[in-house]
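Trainee: Residue numbers (numbering that gives the first Met the number 0), protein chains in the order written: chain W, 0 to 307; chain D, 0 to 318; chain L, 0 to 338.
Honestly, the hints are just simulated from the structure, not real lab data. You can take every hint at face value.
Below, a list of computed lysine to any residue pairs in the SDA-like style, where the Cα atoms sit at most 20 Å apart:
1) W:K266 to W:P76
2) D:K167 to D:I60
3) D:K266 to L:R194
4) D:K266 to L:A142
5) L:K89 to L:E173
6) L:K89 to L:R124
7) D:K266 to D:Q249
8) L:K89 to L:E114
9) L:K89 to L:M54
10) D:K266 to L:D198
11) D:K266 to L:S155
12) D:K266 to L:G139
13) W:K266 to W:I284
14) W:K266 to W:T243
15) D:K266 to L:R136
16) D:K167 to W:T201
17) D:K266 to L:R137
18) D:K167 to D:R198
19) D:K266 to L:P141
20) D:K266 to L:A197
21) D:K167 to D:M0
Selected chain D positions facing chain W (in silico; Cβ < 7 Å):
22) I60
23) R80
24) A84
25) S97
26) L98
27) R101
28) A110
29) P111
30) V114
Here are some chain W residues the structure puts well away from chain D; computed CB gaps all over 10 Å:
31) M33
32) H36
33) I44
34) F140
Note that the Cβ used here is the ideal one computed from N, Cα and C, for glycine as well.
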Amino acid sequence: MADTSLIDGASASISAAPAAKPMPTPGQIALRRMARHPGFWFGGIVLGVFVLAAIAAPLLTPYDPGTQDLARRLAAPVWNSAGSWQHPLGTDHLGRDYLALLLYGARISLFVGFATVLISGLIGTVLGVAAGYWGGRVDLFVNFLLTVRLTLPVVLVALVAVAVLGQSLPLLVLVIGGLLWDRLVIVTRTATQQLVGREFVTAARAIGSSTPRILMREILPNITSALIVVGTLELARAILMEATLTFLGLGIQPPLTSWGLMISEAKSQFLFRPWLIAIPGTALILLILAINILGDALRDVLSPEGRA
Amino acid sequence: MSLLEITGATRHYQVSAGLRRGRVLQAVRGIDLAVEEGEILAIVGESGCGKSTLARLLLGIEEPSSGSITVGGRPIGAYGRVERARLIQPIFQDPYSSLNPRMTVAGAIAAPLEVRGVGNGRSRLAAVHEIMDAVGLARYLAGAYPSQLSGGQRQRVAIARALIGEPKILICDEPTSALDVSVQSQILNLLARLHRSFRLTIVLISHNLAVVGHLADRVAVMYLGKVVEAGPTEAVFAEPRHPYTRELMQAILPPELGRGLPELRLKGEFPSPLAPPTGCAFHPRCIRAGDACREAVPELAGSERLVACHYPLREPVHA
Amino acid sequence: MTPLLEIRSLSLEIPVNDGLLRPIRSVDLTVERGETVAIVGESGCGKSLTSLAVMGLQPQNARLSAERLAFQGESLLGLDRRRWQAIRGKRIAMIFQDPMTAFDPCYRMGDQMAEILRQHRPVSRAEARERIVALLRRVGVPAPEDRLDQFPHQLSGGLRQRMMIATALLCEPELIIADEPTTALDVTIQAQILRLLADVQQETGVGLILVTHDIGVVAGLADRVVVMYGGEVVESGTTDEVLGSPRHPYTAGLMRSIPVPGRTRRGQPLGHIPGLVPRPIAPLTACGFLDRCEFRHEACAAAPVPLRSGAGERQLRCLLPIETPRQPAEPLVAATAIA
Ligand SMILES: Nc1ncnc2c1ncn2[C@@H]1O[C@H](COP(=O)(O)OP(=O)(O)OP(=O)(O)O)[C@@H](O)[C@H]1O
Ligand SMILES: Nc1ncnc2c1ncn2[C@@H]1O[C@H](COP(=O)(O)OP(=O)(O)O)[C@@H](O)[C@H]1O
Ligand code: SF4
Ligand code: SF4
Ligand SMILES: [Mg+2]
Ligand SMILES: [Mg+2]
Numbered sequence: 000m001a002d003t004s005l006i007d008g009a010s011a012s013i014s015a016a017p018a019a020k021p022m023p024t025p026g027q028i029a030l031r032r033m034a035r036h037p038g039f040w041f042g043g044i045v046l047g048v049f050v051l052a053a054i055a056a057p058l059l060t061p062y063d064p065g066t067q068d069l070a071r072r073l074a075a076p077v078w079n080s081a082g083s084w085q086h087p088l089g090t091d092h093l094g095r096d097y098l099a100l101l102l103y104g105a106r107i108s109l110f111v112g113f114a115t116v117l118i119s120g121l122i123g124t125v126l127g128v129a130a131g132y133w134g135g136r137v138d139l140f141v142n143f144l145l146t147v148r149l150t151l152p153v154v155l156v157a158l159v160a161v162a163v164l165g166q167s168l169p170l171l172v173l174v175i176g177g178l179l180w181d182r183l184v185i186v187t188r189t190a191t192q193q194l195v196g197r198e199f200v201t202a203a204r205a206i207g208s209s210t211p212r213i214l215m216r217e218i219l220p221n222i223t224s225a226l227i228v229v230g231t232l233e234l235a236r237a238i239l240m241e242a243t244l245t246f247l248g249l250g251i252q253p254p255l256t257s258w259g260l261m262i263s264e265a266k267s268q269f270l271f272r273p274w275l276i277a278i279p280g281t282a283l284i285l286l287i288l289a290i291n292i293l294g295d296a297l298r299d300v301l302s303p304e305g306r307a
Numbered sequence: 000m001s002l003l004e005i006t007g008a009t010r011h012y013q014v015s016a017g018l019r020r021g022r023v024l025q026a027v028r029g030i031d032l033a034v035e036e037g038e039i040l041a042i043v044g045e046s047g048c049g050k051s052t053l054a055r056l057l058l059g060i061e062e063p064s065s066g067s068i069t070v071g072g073r074p075i076g077a078y079g080r081v082e083r084a085r086l087i088q089p090i091f092q093d094p095y096s097s098l099n100p101r102m103t104v105a106g107a108i109a110a111p112l113e114v115r116g117v118g119n120g121r122s123r124l125a126a127v128h129e130i131m132d133a134v135g136l137a138r139y140l141a142g143a144y145p146s147q148l149s150g151g152q153r154q155r156v157a158i159a160r161a162l163i164g165e166p167k168i169l170i171c172d173e174p175t176s177a178l179d180v181s182v183q184s185q186i187l188n189l190l191a192r193l194h195r196s197f198r199l200t201i202v203l204i205s206h207n208l209a210v211v212g213h214l215a216d217r218v219a220v221m222y223l224g225k226v227v228e229a230g231p232t233e234a235v236f237a238e239p240r241h242p243y244t245r246e247l248m249q250a251i252l253p254p255e256l257g258r259g260l261p262e263l264r265l266k267g268e269f270p271s272p273l274a275p276p277t278g279c280a281f282h283p284r285c286i287r288a289g290d291a292c293r294e295a296v297p298e299l300a301g302s303e304r305l306v307a308c309h310y311p312l313r314e315p316v317h318a
Numbered sequence: 000m001t002p003l004l005e006i007r008s009l010s011l012e013i014p015v016n017d018g019l020l021r022p023i024r025s026v027d028l029t030v031e032r033g034e035t036v037a038i039v040g041e042s043g044c045g046k047s048l049t050s051l052a053v054m055g056l057q058p059q060n061a062r063l064s065a066e067r068l069a070f071q072g073e074s075l076l077g078l079d080r081r082r083w084q085a086i087r088g089k090r091i092a093m094i095f096q097d098p099m100t101a102f103d104p105c106y107r108m109g110d111q112m113a114e115i116l117r118q119h120r121p122v123s124r125a126e127a128r129e130r131i132v133a134l135l136r137r138v139g140v141p142a143p144e145d146r147l148d149q150f151p152h153q154l155s156g157g158l159r160q161r162m163m164i165a166t167a168l169l170c171e172p173e174l175i176i177a178d179e180p181t182t183a184l185d186v187t188i189q190a191q192i193l194r195l196l197a198d199v200q201q202e203t204g205v206g207l208i209l210v211t212h213d214i215g216v217v218a219g220l221a222d223r224v225v226v227m228y229g230g231e232v233v234e235s236g237t238t239d240e241v242l243g244s245p246r247h248p249y250t251a252g253l254m255r256s257i258p259v260p261g262r263t264r265r266g267q268p269l270g271h272i273p274g275l276v277p278r279p280i281a282p283l284t285a286c287g288f289l290d291r292c293e294f295r296h297e298a299c300a301a302a303p304v305p306l307r308s309g310a311g312e313r314q315l316r317c318l319l320p321i322e323t324p325r326q327p328a329e330p331l332v333a334a335t336a337i338a
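Starting from the given sequences, assemble the full structure and let the hints guide the process.
Mentor: If you want it as C-alpha cells, here you go:
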C-alpha cells in the first residue's frame, strides 16, 4: 500500500527516533525496578544464603546431625565463656552438633516450604482460575470449598491425619499443601474475574481461541505476578506451619530434623540453656522475615502493571 | 439476501437486585436489520441503549434470547469457533483493555493465524509485517508490549489483529471514543481506506454522530434496545423522521462559530431497561407524544427509510 | 480593574526517575468575571495540571513557580493549608470529568453536599438541606429530595454530573474550573450540561475555566480559548479569532481532524497531526511542536519560540507570520495519494 506513509504519517515520523534503542520488555523493566528495591536485596540475599547453606551443609560442618556424642552433651556455643570452636553452636541434650542440626534442619524446613507451596499453588490456581473464569456454579462450588477449608483448623486436620495414617514427611507436606491454598484461591479468583471482563479476552474468543488457549495465553501470564507475590508469602506461612506442627509433635520426627523439632526438643532446657531455643528460633524468624520482605518487594515491583 | 441479517433479535439478562432475584433486564428488545455486503452500517444511540450487547450478539460471543442472526444465510451459532472467526472480527473501544499486556504486538497480531494453524512461525511473521504496513504500524514495534504504545498505535494493533485473517465483516464498537481527535482522524482515515482495499463490510457502533456521518453509508438509530430509525446517512442527517433522531442531531456540537449551544427539547432521562415504558419507549421524553404513543408500540416501517413512530416528523415519501 | 484570575509565567516541575518532568512551562492565563476561558489540547498537554495548580492541588512532589498567581488581586502563592481551604470549594470550585471519583461512594449524596456547605457556611442541617434541594432543582435534577438519600453509584452519569455542578455552586464560588465536564457523557446530556453551565454563568457572573479537548464544546460555550501543547500556551485569543482563523499549525491541525456533518465529505480523508504528544522531560531548545509541524523551517529549530501578540487579543507561539491564515496543505496531499 503506497499511500501508507502519507496518510498515516504518525508512525512514519516516530519510527525514526526510537528505532535505534530496542524497547525493554516488561520483564526487563521489572528486573530493573527490583535492582533498585532494598527489600528485594535484603529478602533475596537472606533467603539465598539459607538455601545455599542448606544445600552446602556437608561442606559447612564436619558433623553428621545424627551422630550422638553423649560425652559432649549440652556443650555451650562459642560466645558463651564455656564454649569452644569445636562445636560453634554447642551441642544438644544428645550431644549432636547444633550447627549440623541447624543446617540439615534448614533442608527439611525449606523442602517442606517449597513442596507445600507447589501443591497449594497448583490447587489454588486451578480452583481460583476456574471460579473466576466460569463463574456461576463453578464459582459457587469453589466458594463452598473455600468456606469448608476456612472452618477446618490446620492442627486438628493434622492430628486426625497423623492418627489415621501415621506420621511421615510426605504426609506433612500433603496436609499443609492441601490446606494452605485459601489465600491463593481468593487472589487468583479476583484477578481472573477482572481479566475476563477485559476486552482482550473477548477479542481472544472472537479470533476463535479455544478455552485452554485463553486460559494459558491470556489469563495465566497476567496472574503470574500476583501468584508469585502470594506464593512467596505462603512460603513463609508454610515454613511456620511446619515448625508449629512439629513443635506439637505432629510433624517431623527423628531421625529427621527440623527447626521446629529442635525448638521442641529444647523445651525442657529453656531456663538454663536459652540458646538451644534462641538459635533455631532466630533462624526461623530471620527466614520468615526475609521471605515476607521479599514478597512485599515483589508486590511493589510486579503489581503496578508496566509502570516504567 | 443480505450478508448479515438480524431478525427479531432480543437479549435479556437476569439481574439480581439485593434479595429480589430474577428481574429481567431487556438490553436488546427486538431488532430487525440487514447489512449488505461491502457497506458501512452505523449504529448510534445513547449509553445503555444496547449497542455493545448487539455487537456481542453479532460476534456470536453471546446467543440472542430470541430471534436470529444469520451470516450468509446461516445462523451465526451454527458456525464453528474458528469458522466464525474467519467471517467476523471485532474492534473495541478501549485500546488499553483490548490488548493483552503480556503479549507482544507481533504475538497479538499473529494470534488469529496461530489459532487457525495457518503457516509456520516464519510465514506468520511475514504476514504480520505485511498487515502492520497496511495499518501504518512501523515494523520495529513488532516486539513492543502494549504498555509501550500510544492509544492510536494500540488501536492499529487491534485493527491489524482483526484484519490478518481477512474477515468479511468488521464489528467496530466505539473504535475512536477513547482517542484524541488528532488520532481519531487517523483511525477513521485508516478504516475508510481498509474498507475500500479489503472490501470489508463494517458495522460501526458509535455515539459520535459526526464520526458516523463521516464513514457510514447507512445509519440505524437505537433507543432502549430497539431500532427507531434507519436509512441512508445523508438522508437521516438531513431529514430525521424520528423525534429522537432529531434531538440526537441537534445535540451535535460542530466546531463552528456562532452556533451557540443547541436547544434540546428532550424531557427527563434515559429510561431503565429494567422497566421499559409502555408503548413507544421514547414517549416520556417526546414532545410529540400522544395517547397512541403510550399504548401501542410503533412498528419499524418503510422501505429504504425506516422509522418507528406514530407521528413521524415528515411522512415518508413513498416510492 | 483587576482580573478574577491572573496567572503569569506559571511553571511546574516534577522530579521523576529519569529526570525532571516539565509539564507546565511558563503559562499565562487571565480570566475575567463572567467570562468562559477554554483550555484545549490533546491529552497530556498539561491542561489538567494547569487547572489543578490554580487550586493549589498540584502533585505533592511538584515544584511550582510563577511570576504571579492571583485571585481577585490576592496572591495565591505560598498560601498555607488553612488559607487554601478557605478558598478551595468556597471561592474556587472544581468540576471533574468523572463525578464517580469525586464523590465518596460510602456516603449519601445529601450528607456529602451538606458537609461541604457546612464546612464553609454556618448553617443548620435543615437550612443546608433546604438550600441543597433548591440548588438541585435549579440544575434540573428530578425529585431532588429523593436523590439526597441515594448513594453516588445509584445515579446515572448525567445526574451525577448535575449534582457535581450543584455541589460546585453550593458556596457561590467566584470561579469554577471544569476539567472535561462532559467528556464521559452522551451528546444529549452534554448539551444539557453545557446549557446549564451557561445559564448559571449568566445568572451569577461566575468565571469559568473549561478544560476540554472537544473543539465543538469550545465553539459552543467559550469566550476565549487557550491552546496548550507540550505544557506551553501555543495560541490564545477570543474564540472567534482562534477558531475562526487558527494561526498555529497545531490549532489548525486539530480543527482539520474533526469530521463535521455536512461539511466534511463522507469518506474523504480527514486532516491529522502526525506523531505524538512528547513527554515533557527536557528543557526546550527549539519550537516544542517542531517534530510534528508541517510548516517547520530552520529557524524553528534554532531556539525556543516566544509568545507574540498580534491584532486583537491573539497571541501566538510560532515563527510564521501572525497575520496570514494557515493554508491547510495536508488534505490535498492525502487526497492525491488516495486517487
Ligand atoms: N451481562 C450483562 N448483564 C446484565 N446487564 C447487562 C449485561 N450487559 C449489558 N447489560 C445492560 O444492558 C443494557 C445495554 O448495555 P450495552 O452495553 O449494550 O449498552 P451500550 O449501548 O453499548 O452503551 P455504551 O454507549 O455506554 O457503551 C445496559 O442497561 C446494561 O447495563
Ligand atoms: N502526578 C503526576 N506525576 C508525574 N507526571 C504527571 C502527573 N500528572 C500529570 N503528569 C504528566 O504531566 C503531563 C500533563 O498532564 P495533564 O495536565 O494531566 O494533561 P491533560 O490534562 O492535558 O491531558 C503529562 O505528560 C502527564 O503524564
Ligand atoms: S411514537 Fe410517539 S412518543 Fe414515540 S417518538 Fe413517535 S411521537 Fe414520540
Ligand atoms: S515555530 Fe516553526 S515548527 Fe513551530 S509551529 Fe511554527 S512553523 Fe511549526
Ligand atoms: Mg458500549
Ligand atoms: Mg486531563
